[in-house]
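These protein sequences, in sequence, are chains X, Y and Z. Mapped onto the working numbering, the consecutive letters of the first sequence carry residue numbers 1 to 344. Mapped onto the working numbering, the consecutive letters of the second sequence carry residue numbers 1 to 299. Mapped onto the working numbering, the consecutive letters of the third sequence carry residue numbers 1 to 249.
Do not rely on the hints blindly, as some may be mistaken.
[What the hints assert, rightly or not] Not close to chain X: a few residues of chain Y, all C-beta gaps over 10 Å, as computed:
1) Lys6
2) Ile19
3) Leu77
4) Leu86
5) Phe130
6) Gly135
7) Gln153
8) Glu156
9) Gln196
10) Ala199
11) Leu205
12) Glu286
[What the hints assert, rightly or not] 25 Å max Cα-Cα, derived SDA-like pairs, lysine to any residue:
13) Lys113/Z <-> Gln251/X
14) Lys247/Z <-> His235/Z
15) Lys160/Z <-> Tyr250/X
16) Lys6/Y <-> Asp58/Z
17) Lys55/X <-> Gly135/Y
Hints in this document: simulated from the structure, not taken from any laboratory. Idealized CB from N, CA, C, for every residue including glycine.
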Amino acid sequence: MFNININSIIICFKHLRKTLFSNLFNTVITFLIILFIGVACFYTFEWLIFKANWKAVISNLPLYAFGSFPPKEQWRPAIWIISLLLLSIFTLCGPDWKWLRKNLPIAWVGSIPLGLYLLYGGLGLSPIMSRHWGGLTLTILLTVCSSLLSLPLGIVLALCRQSSLPLIKKLSSIYIDVMRAIPLIAVLFFGQLLIPLFLPVGIEIDRVWRAIFAFTLFVSAYIAEDIRGGLQSIPYTQTEAANSLGLNQYQIIQLILIPQALRIALPALTNQFIGLFQNTSLMAILGLVELLGVGRSILANPEFIGQYIEVYVWLASVYWMVCTIMAVLARHLEQRMTINQANF
Amino acid sequence: MKTNQKILLQFGICIFLFILIGILINNLTINLLRTGLGFNFSWLFKPASFALAEHPLPYTSSDSYAWALFIGWLNSLKVIVSSLILATFLGTLIGFARTGKNSLLGLISAGYITVIRQTPLLLQLMFWYFVGFLGLKDNMFIQIKNIFNLSNQGIEFSGLTFSSEFLALLIGLSIFTSAYIAEVIRGGILSVPRGQWEAFRSLGLSESKGLIRIIIPQALPAIIPGLTSQYLNLAKNSTLAIAVGYSDIYAINDTITNQTGRAIECFIILLFSFLLLNLLITNTMEIINRLILKSQKYS
Amino acid sequence: MEPIVIAKNLTKSYTKGLRALDNVSLTVDQGKVLVVMGPSGSGKSTLIRTFNGLETFDKGELDILGIKVDSSHDERKIQKIRRRVGMVFQQFNLFPHLSILENITLAPVHVQKRRQIEAEEYGMYLLSQMGIDSHAKKYPSQLSGGEQQRVAIARALALKPELLLFDEPTSALDPERINEVLDEMRRLAEQGMTMVVVTHEIGFAKDVSDQVLFMDSGKVIETSPPNIFFSNARHERSRKFLNQLDKHK
Chain X
1 MFNININSII ICFKHLRKTL FSNLFNTVIT FLIILFIGVA CFYTFEWLIF
51 KANWKAVISN LPLYAFGSFP PKEQWRPAIW IISLLLLSIF TLCGPDWKWL
101 RKNLPIAWVG SIPLGLYLLY GGLGLSPIMS RHWGGLTLTI LLTVCSSLLS
151 LPLGIVLALC RQSSLPLIKK LSSIYIDVMR AIPLIAVLFF GQLLIPLFLP
201 VGIEIDRVWR AIFAFTLFVS AYIAEDIRGG LQSIPYTQTE AANSLGLNQY
251 QIIQLILIPQ ALRIALPALT NQFIGLFQNT SLMAILGLVE LLGVGRSILA
301 NPEFIGQYIE VYVWLASVYW MVCTIMAVLA RHLEQRMTIN QANF
Chain Y
1 MKTNQKILLQ FGICIFLFIL IGILINNLTI NLLRTGLGFN FSWLFKPASF
51 ALAEHPLPYT SSDSYAWALF IGWLNSLKVI VSSLILATFL GTLIGFARTG
101 KNSLLGLISA GYITVIRQTP LLLQLMFWYF VGFLGLKDNM FIQIKNIFNL
151 SNQGIEFSGL TFSSEFLALL IGLSIFTSAY IAEVIRGGIL SVPRGQWEAF
201 RSLGLSESKG LIRIIIPQAL PAIIPGLTSQ YLNLAKNSTL AIAVGYSDIY
251 AINDTITNQT GRAIECFIIL LFSFLLLNLL ITNTMEIINR LILKSQKYS
Chain Z
1 MEPIVIAKNL TKSYTKGLRA LDNVSLTVDQ GKVLVVMGPS GSGKSTLIRT
51 FNGLETFDKG ELDILGIKVD SSHDERKIQK IRRRVGMVFQ QFNLFPHLSI
101 LENITLAPVH VQKRRQIEAE EYGMYLLSQM GIDSHAKKYP SQLSGGEQQR
151 VAIARALALK PELLLFDEPT SALDPERINE VLDEMRRLAE QGMTMVVVTH
201 EIGFAKDVSD QVLFMDSGKV IETSPPNIFF SNARHERSRK FLNQLDKHK
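With the rest of the complex left out, here is chain X (with noise of 0.2 Å):
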């Protein structure tokens, strides 16, 4: 046992000199990247420790958490919140039982509903208008809900844009190009004021499903792409497989290619995702006061002013772990996939 890792501490030391200093040069740049780590290392941690003021992280975690939601209400976006973070330790590290595995899924769209009927009230729960929601809480509920609004209009798109119908190809290519053209918060500013003046009189939309249908209606585009690419790259073997056992069009769509093209197109799909995490962030500057919206109106109050640098650390703080938990959880789905179909 000793002896082996000698041998790997030798084997290691070796391979440092022949890749940090194989020669003057690359030793003197080693040497002073060093010098420049440990230099921003001993600030960064001096920063850290006794300069920076914690105050307005740490005195304002449930605004951070859940906005203005009312302080005796709070339990309930906390119930949920911390029933997805038990749903993302579940799905990663929980027991490999057949039936769990298989109603996981249904668990994860199922924490859609119970979000919304939480954040929402009624049913025995004091309702709660939306403009009460906020911080962490709606940042999710947008990406979520944009998310599994967007996927299924994304797989739509990509198939128009692949069928063999010449009107239905164009409209949706137009679609597609048009929406990947356009910055995304000009779709959200104009989706805050375009949808309104599209519905009827007297029926109106509150400014959070606005926002989740313009994320919607852009992302998909995004998606459709992505979808397309994994259509595009399944063999057409495939397809004539399915014709000699005599599947119709749509039963081939259903149970062979999109299957396949969601597979091939999952790592693509995960950057969307959680690039639509980190976008709803724009909705800061239209209105909306989630995550860095509140980070904004902290920022504001004369109590806390100056005091930037605490604050945005701490804002980069939560987004890099969200975003590093859904990519993780992403790299788990594939693996899972891949184990079961090696060489996919």
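Starting from the known structure of chain X, arrange chains Y and Z on it as the hints suggest.
Then chains Y and Z, alone, in the frame of chain X:
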């Protein structure tokens, strides 16, 4: 499916879309009548009556909306082109560091890429603006021989002035985009077969020479399309200028929409401004791509 | 004896002058095995792919299991044919995202609307007949080529077809794996399955087939029983082809 079935289906979809669009337009006209706005573009030539802090061409608040929009478009172009150059430079350096032999450099650049990619751009922009520039105290500025001045008003460099809004946007966009460009460069370098590295090493070429003469020319065809899509993203992301108060095309559109209430017209104008920008970028990249292919005389 | 396949003057041209099928006529009776041979590009794959509508043709008539198809390629009739005709491809074409058993039960459940349990039982029976029932839960990429091809045969059999089409079923296999697939096909022939097989395997054609059809540039050069075809082919072109095949062996 038979041809007549296909035609029938498309016909049906056509009718459905017509009805849908009809309902939407009907709602729209009712709503526009209620607000008394209607749909026209003649307001474009009325005076804008708002000031712009930054204008590469002469502009006063009595100039027309159309001129203000054009100034905004130029401002956009200015920040896009300059951050495009800076981001490409930074991204290439980091991409090489990521693929290079020095594992410490590789580690640092990998850390840089994950931190930048896993935090929202808007947050980064606000950081650079509020912490990087406005954080400088009023009395604090760095001056080097009257040539280079840095203060919370921006930078003055041998007669040229850059506002802090422009600089914050430039730095934020460049750093954000460079992390993505680094990944594109890395992908391109990895797409060159390992045998090519072994071949130039066996010929006795130095690492740097081999990289420049052998690897990069072969990696370029894989890099160019990735770069193009990153540049398009950069152009779209530049609209976050509004968060730091830089008057780009979107910020001016936003102001005008709030001032006149003409959301639909402004949306159309913005759409076409961006189609123009995208065309500019894709065509330039297409020309570059063709030049590279021509100079390599293969494929 | 009732004919299963009747083709009359099938003609298909890709571009002007180049014909994939040129006036092809043939009959396959029930329980018989027809082997189609010919050089690559001779149209033999195209021919059997017309039998289940994967390829269209321009002229002629086709009667498969009493269902008549012409050049108009009636989708409904072809769907009816496909439900009763199985096909095995050169590249197996298993569905990579489905397990072996799911590959086999897919069509019975979704096309014939049989119950899942019933389809699975029959699928397991087919797999155990081929000695690969231990792989039922695995995915196609975890199996060898020969095993994948046997799964593909089981998948075609799951619909209880009245006619089986084989399009060069052993061409993509390692030489040592060819026999496990050929043995399966022999067993099916013994059980009285009607089969049309495109193959270069002379041994299989000699032992199993009732008729050998030789094609070149879209035309049927000759149709003979195997003992005549391989010992004393009627046409010069067939003899040349057989000579070349022998040289390669």
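Do the hints match the structure? See the list:
1. Taking the minimum C-beta to C-beta distance to chain X, about 6 Å, the non-interface status of lysine 6/Y is violated against the 10 Å cut.
2. At roughly 14 Å from the closest C-beta of chain X, the C-beta of isoleucine 19/Y stays outside 10 Å, upholding its exclusion from the interface.
3. The beta carbon of leucine 77/Y is kept farther than 10 Å from every beta carbon of chain X, the shortest such distance being approximately 15 Å.
4. In this structure leucine 86/Y is separated from chain X by more than 10 Å, as the shortest Cβ-Cβ distance comes to about 20 Å.
5. The Cβ of phenylalanine 130/Y sits about 5 Å from the closest Cβ of chain X, inside the 10 Å cut-off, so the non-interface label is violated.
6. Chain X draws glycine 135/Y into its interface by the beta-carbon criterion, the shortest separation being 7 Å against a cut-off of 10 Å.
7. Separation of glutamine 153/Y from chain X is adequate, the least Cβ-Cβ distance of about 18 Å exceeding the 10 Å criterion.
8. For glutamate 156/Y, the shortest C-beta to C-beta distance to chain X comes to about 24 Å, beyond the 10 Å cut-off, and the non-interface label holds.
9. The beta carbon of glutamine 196/Y sits about 20 Å from the closest Cβ of chain X, which is more than 10 Å, so the claim that it is off the interface holds.
10. At roughly 20 Å from the closest C-beta of chain X, the C-beta of alanine 199/Y stays outside 10 Å, upholding its exclusion from the interface.
11. With a minimum CB-CB distance of about 16 Å to chain X, leucine 205/Y clears the 10 Å threshold, and the non-interface call stands.
12. Consistency note on glutamate 286/Y: stated as away from chain X, and its beta-carbon is indeed over 10 Å from all of that chain's, at 16 Å minimum.
13. Pair hint lysine 113/Z plus glutamine 251/X holds up; C-alpha atoms about 13 Å apart against a cutoff of 25 Å.
14. For the given pair, lysine 247/Z sits about 19 Å from histidine 235/Z by alpha-carbon distance, which is consistent with the 25 Å threshold.
15. A C-alpha spacing of about 23 Å is found between lysine 160/Z and tyrosine 250/X, which places the hinted pair at or below 25 Å, so the restraint holds.
16. Between lysine 6/Y and aspartate 58/Z the alpha-carbon distance is near 21 Å, which keeps this suggested pair within the 25 Å criterion.
17. Proximity of lysine 55/X to glycine 135/Y is assessed by CA-CA distance (about 19 Å); at most 25 Å being required, the pair is judged to hold.
The structure does not agree with the numbered hints 1, 5, 6 stated previously, though it agrees with the rest.
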